[in-house]
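Turn these sequences into a full structure, and let the hints steer you where they fit.
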Amino acid sequence: MNSPPLVWLGQGLIGFALLDVNYLALPLDTMPASNLHRHTLVKTENTPQVNTQDPQATKDTPTKSTHPPRISTYPPAPPEKYADHLLFYGFYCDEQWLVEYTHHNSTSILDESMSTSMKELASMRWFINLLRRKTGLRTLEYEGVVVDGDTPPNAVILESERPRGPKYHMILSICGWDKRSWRRRPTLEQVETVSKIMGSQPRWWIDIELPIFYQ
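The opening position of the sequence shown corresponds to residue 1 in this note's numbering, with each subsequent residue numbered one higher.
In short, the hints are calculated from the structure, not lab data. Note that this is a predicted model, so its numbers are computed, not measured. All C-beta atoms, glycine included, are put in the ideal place defined by N, C-alpha and C. Among these hints, one or two may not hold up.
To be verified - Computed beta-carbon distance windows for the label pairs:
no., residue 1, residue 2, range
1, Asn129, Glu189, 13 to 23 angstroms
2, Pro79, Asp111, 13 to 23 angstroms
3, Ile157, Gln201, 13 to 23 angstroms
Structure below.
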């Protein structure tokens, strides 16, 4: 059995995490303190890379279908230095926004006695489960992505732990540009539901992880 994904929290902020519902269902006070102050991200399966110049490689074969239309927004080619990095389609979000949204929409999740880190973790868990219930999406994940020219000016920017690693921020990803995720990409209706809650539109982002991370 694979170990459950862990969560990294640093400098009072949750950088990013791959959330597993079963893992995050554990009581917050049972989580080892060491996991709250170091970057420990685990991928549980290989993620194949896809050539963004050839979207037909993963494009669905046109057929007559009654299935609701899915997103068909292909990513632009990333800069050469990130050519092998995975791409994510999703929304910018940060811990403070998640805590505020949770506070205004749920009266039982957050407790004033909780630390800032515990509030952030509880909000992340509650929010992603809320979206999964409302949309039926199972491809939702929190991811760390490269800061670029379109990063929101108020974004919470985090420093990479790798020497000369890129600065990054957190997003809520609704799918990735890889074969498995793209086959399960959301419908237009699902994207619209998430967009209304987030108050913004999704876009493509570049994963901060090096390609070797997925091997």
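Which constraints among the numbered hints does this structure fail? Numbers only, ascending.
As far as the earlier hints go, only 2 is violated by this structure.
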